[in-house]
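Take the given structure of chain A and dock chain B to it, following the hints.
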Amino acid sequence: MLKLFTIFADIVTYNWLGLTRGKHLTEAVHFFVEDTTKIFFLLVTIIFVVAVVRSFFPPERTRRFLAGKNLFVAHVLAALLGVVTPFCSCSACPLFIGFVEAGIPLGVTFSFLISSPMVNEVALVLLFGLFGWEIAAIYLFTGLIVAIVAGIIIGRLNMERYVADYVWEIRMGEAEVPTMTWRERFQYAKGYVKEILSKIWIYVLGGIAVGALVHGYVPQDFLLKYAGPNNPLAVPIAVILGVPLYSNAAGVIPIVQALMAKGLPLGTTLAFMMAVTALSFPEMVILSQVLKRELIMTFVGIVSMSIIIVGYIFNFLI
Amino acid sequence: MKIEILGPGCPRCQSLEANAKQAAKELGIDAEVVKVTEMGKIAAYGVMSTPGIVVDGEVKGSGKLFSVEEIKQMLKG
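Respectively, the protein sequence lines represent chains A and B. Take the first sequence: its position 270, counted from the start at 1, is 270 in our numbering, and no numbers get skipped. Just add 1000 to wherever you are in the second sequence, counting from 1, and you've got our numbering.
One chain only, chain A, in its complex shape (with noise of 0.2 Å):
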């Protein structure tokens, strides 16, 4: 279905605009038409159909649910649930604190934390519509694993000190989750897309005009010579790069599908784009708040080690 928006391309390009194929302008073009029609038609239907799934697991179901659980399955079902549940990472202290007060254990809380922005259906719909769905399996799958065994360390490393003490004392108010109609569900996906596409079409857009900048006019295999399989320390560094870039996944990501298509190893690729949406400066700062440094730097440490090693593993084995 999705030649559609090849076909598309290749009628704007050529028969409309003119263009002659295998020039530079033609290539770049011809990826830019092709991609935002592609991105903006599957993040409206995908964003829609996961923000009415969304809309069975409010976080205060989600912690009920993971309250009393065997801590193996727990671990598992929190970095499931940090797929669909909605997450912002300015509700990441009182999600964090709600977690903690129902009795869930911390590294449980952290499985949470490290999935919910990580695996989100924005950074999906781009990894399937840039990269197949093949890369966007592979994301949610290391995704998750990443999120299951940092949480997993987090939790053995027995770090419940490092938690604000204000925390510990805090008594929640049990708030009433309403039980939505339908129609709501639907209302609420409508306003979810357009909350989401009004704040990152912009990213997007100027993410794949660059990438269609690289396609058309860097040289084939320039990145093999620079960050190839060959420079061990391309992982660390993407991961390095990637953290400052937060809010730009959505930018990121079509840029990223570029640079590998010039030969940026797969391994390097998902290391970078998972320290992109895992890790963030704003998200950390609003963490100080409900954790301490030492905690934070923990996290953090085995966050990025978790990702450097998906990053080795994959340039390895392919």
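No wet-lab data here; the hints were simulated from the structure. A portion of the hints provided could be inaccurate.
[What the hints assert, rightly or not] Straight-line C-alpha distance at most 27 Å; calculated DSS-like pairs for lysine-lysine:
no., chain 1, residue 1, chain 2, residue 2
1, B, K1072, B, K1060
2, B, K1060, B, K1021
3, A, K190, B, K1021
4, A, K199, B, K1035
5, A, K199, B, K1021
The following block gives chain B in isolation, referenced to the frame of chain A:
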């Protein structure tokens, strides 16, 4: 009437505050709109996803940027 906006100050919380003021104005209600940014207080309301909106001490909704129309319904109800 007292309207509290729960949230650490993200863009969505600010938009929600503006919508709440607009809703009160359109209904001609004399409402005091206050922002609650302290985590302990937000959690005490049982709200786990921001922004949240509280009218006269009662949580009316959370995790969504409510529109002026939706807030009007909350203020009437």
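Tested hints:
no. : hint              : verdict
1   : B:K1072 / B:K1060 : 11 Å, holds
2   : B:K1060 / B:K1021 : 15 Å, holds
3   : A:K190 / B:K1021  : 24 Å, holds
4   : A:K199 / B:K1035  : 23 Å, holds
5   : A:K199 / B:K1021  : 23 Å, holds
Violated hints are absent here; each numbered hint is respected by the structure.
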